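Throw the hints in and build the complete structure from the sequences for me.
Those protein sequence lines, which keep their order, are chains C and X. Take the first sequence: its position 78, counted from the start at 1, is 78 in this note's numbering, and no numbers get skipped. Take the second sequence: its position 178, counted from the start at 1, is 178 in this note's numbering, and no numbers get skipped.
Since the hints were made in silico from the structure, they are not lab data. This one's a predicted model, so the numbers in the text were calculated from it and none came from an experiment. Virtual Cβ for every residue (Gly too), placed ideally from N, Cα, C. Do not take every clue at face value.
[What the hints assert, rightly or not] With beta-carbon atoms standing in for the labels, derived distance ranges:
1. C:D53 <-> X:A51: 54 to 64 angstroms
2. X:R200 <-> C:D13: 32 to 42 angstroms
3. X:P332 <-> C:D53: 19 to 29 angstroms
4. C:G95 <-> X:R189: 43 to 53 angstroms
5. C:D13 <-> X:R189: 14 to 24 angstroms
6. C:V27 <-> X:Q66: 52 to 62 angstroms
7. X:L453 <-> C:E51: 53 to 63 angstroms
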Amino acid sequence: MMPAKPRLVRVLDRTAASATITIDGDVVQAFAGESVLVAVLAHTTRLRTHEVDGAPRAGFCLMGACQDCWVWLADGHRIRACTTRVVDGMAVLTGPPAGPADA
Amino acid sequence: MHSTVIVGAGPAGMAAAVVLARAGEHPIIVDEAEQPGGQVWRKPAAPLQPALARILGRAAAAEHEQAHAEFASIAASVDHRPRHLAWNLQGGELFVIEHRRIRPLRYGALLLATGATDRLLPVPGWTLPGVFSLGGAQTLLKDQGALIGRRVVFAGASPLLYLAALQYKAMGATVVAVLDTTALPEKLRATPALAAAAPRVLARGLSYMARLRAGGVAIFHGVTALGIEGQDYAERVRFRCSRGAEHDLAVDAVALGFGLRAETQLLDLAGVPLAFDVDFRQWLPIVDGDGRAAPGLYAAGDGCTIGGAAAAAISGRLAAYAILADRGVAVPATEVAMLRARLARLRAFQRALSRAFAWPAHWLADARDDTVLCRCENVTVGVVRAAVAAPLGPREVNRAKALTRCGMGRCQARFCGLATAELMAHALAAPVATMGRHRSQAPVKPIPLDATLVDEDTP
Ligand SMILES: Cc1cc2nc3c(=O)[nH]c(=O)nc-3n(C[C@H](O)[C@H](O)[C@H](O)COP(=O)(O)OP(=O)(O)OC[C@H]3O[C@@H](n4cnc5c(N)ncnc54)[C@H](O)[C@@H]3O)c2cc1C
Ligand code: FES
Numbered sequence: 001m002m003p004a005k006p007r008l009v010r011v012l013d014r015t016a017a018s019a020t021i022t023i024d025g026d027v028v029q030a031f032a033g034e035s036v037l038v039a040v041l042a043h044t045t046r047l048r049t050h051e052v053d054g055a056p057r058a059g060f061c062l063m064g065a066c067q068d069c070w071v072w073l074a075d076g077h078r079i080r081a082c083t084t085r086v087v088d089g090m091a092v093l094t095g096p097p098a099g100p101a102d103a
Numbered sequence: 001m002h003s004t005v006i007v008g009a010g011p012a013g014m015a016a017a018v019v020l021a022r023a024g025e026h027p028i029i030v031d032e033a034e035q036p037g038g039q040v041w042r043k044p045a046a047p048l049q050p051a052l053a054r055i056l057g058r059a060a061a062a063e064h065e066q067a068h069a070e071f072a073s074i075a076a077s078v079d080h081r082p083r084h085l086a087w088n089l090q091g092g093e094l095f096v097i098e099h100r101r102i103r104p105l106r107y108g109a110l111l112l113a114t115g116a117t118d119r120l121l122p123v124p125g126w127t128l129p130g131v132f133s134l135g136g137a138q139t140l141l142k143d144q145g146a147l148i149g150r151r152v153v154f155a156g157a158s159p160l161l162y163l164a165a166l167q168y169k170a171m172g173a174t175v176v177a178v179l180d181t182t183a184l185p186e187k188l189r190a191t192p193a194l195a196a197a198a199p200r201v202l203a204r205g206l207s208y209m210a211r212l213r214a215g216g217v218a219i220f221h222g223v224t225a226l227g228i229e230g231q232d233y234a235e236r237v238r239f240r241c242s243r244g245a246e247h248d249l250a251v252d253a254v255a256l257g258f259g260l261r262a263e264t265q266l267l268d269l270a271g272v273p274l275a276f277d278v279d280f281r282q283w284l285p286i287v288d289g290d291g292r293a294a295p296g297l298y299a300a301g302d303g304c305t306i307g308g309a310a311a312a313a314i315s316g317r318l319a320a321y322a323i324l325a326d327r328g329v330a331v332p333a334t335e336v337a338m339l340r341a342r343l344a345r346l347r348a349f350q351r352a353l354s355r356a357f358a359w360p361a362h363w364l365a366d367a368r369d370d371t372v373l374c375r376c377e378n379v380t381v382g383v384v385r386a387a388v389a390a391p392l393g394p395r396e397v398n399r400a401k402a403l404t405r406c407g408m409g410r411c412q413a414r415f416c417g418l419a420t421a422e423l424m425a426h427a428l429a430a431p432v433a434t435m436g437r438h439r440s441q442a443p444v445k446p447i448p449l450d451a452t453l454v455d456e457d458t459p
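What follows is the structure in structure tokens.
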């Protein structure tokens, strides 16, 4: 099966400096000032999978209220993707980082 | 001790700060967002600078600019603290967190201007990626210059459906359809009251519909049986139109919204009583006409009563005058009287609007059992129904939460609470107000576990 194409679209020219981040290891160009959510959903179709049923989720409210958009950073910290800005060098994970046991 | 602390830098909080600053005060205003403006005057992140005039149109962009310019003009007298979440209110102290640092703030007066978020009703498929809240779809555009998709359906019960659809169309999205769940006759019945309260606002709303139609966008009123389908992403929207025909539209995104719900958690933590409002069908704080909630505690804007941007700004000014008057400062009586009269008109308009765009609470009566009700905990309609039907089943939402986990997740029932009460009310054939409301808990939004408490005056 072909991987699903991201649907979120940037519609205004980005004059901002670009920020290079990784998403599950893929190197992705984003822009300073962008939310992590935009950077991820312009690259792939999901932010995370739900703990209970494993279904894909991509956030919902886009304003910090529903908490459906939490992702991981490689250092183990969790961030709310819709209200956190990308930072050059950020390593974003759409699932929990592998623990020391299976590292 | 700081004299006045304001939570929320939306229209209400900004307007209050302006009044206080001009009276010689130095209020602190905290907001978890990076920029002032709240929902309606949201400003893009500085480095992005999407051209607001392109998104909003020239007139709205000018209003936007003016509000920000006025707030900027008092910058020297206001201690604006962006990225600060107020997460608890206890013992006369407001607890604020910024970047893992918690700071208690003591205050002489506290104004809560926390605004609103979208009110939602569960429909099949609403947890699929590609389905976003209606307000979120707008926020993404204003804050990030991005669209939720290329082929978008706007669905629900709200005048903002039409505004958002126009904004998306102007930015190049294909608006597949606007699916309004309220029937045309209901809207026509409300028109005289709307016209009497605020004819210009009504005219603007009607012009949105006319412009969409002129642009070839399909608008359906009285939509039912709404559902979203797709494998891993929203791909189709199915619904029944008012003539009874079934429709199936190909989409790549859906914006879903059924009006607004007030952010009342901090007021609740402060012990301010809330009452069930029959028009807005939600619990709102009991305050006086100028926003006094308790000694030293004030509320304004949509977090107090759903009213829209203009009403929010006026109620912010009135609350600021109430703070000053309660301190014995003379306030301009004619201006206050004029503000009260305008606020009454705007709020009457909003009430009429809530009847014209009533949220279809009755849908919960025959919602499918497999529809997810609580997005956080993935609890379905059927699970809550079964719990209610059991002998000695829950008769109130907090009990239902304890038994089923519905409403126990990290959003604190912001997106399922009102629908859960309606569902239980139908199942029990009882009035919805008797189902109660989810009690607020600190932290009102998640905070990091490794946060540290620092002294109020630590920089
Ligand atoms: C997404 C969205 C779009 C809207 N678009 C329009 C529109 O185009 N036109 C219109 O007339 N109305 C619109 N509305 C209605 C809108 O809510 C009001 O008109 C107006 O913004 C209300 O102003 P306010 O100051 O009461 O609250 P808001 O504008 O909601 O501002 C509240 C502020 O408080 C902050 N806040 C809340 N809780 C906390 C906390 N605990 N700690 C720190 N900060 C906090 C928020 O970050 C926010 O900035 C929209 C509503 C939403 C939700
Ligand atoms: S999308 Fe709702 S909190 Fe981020």
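Hint check, failures only: 1, 3, 5, 6 and 7
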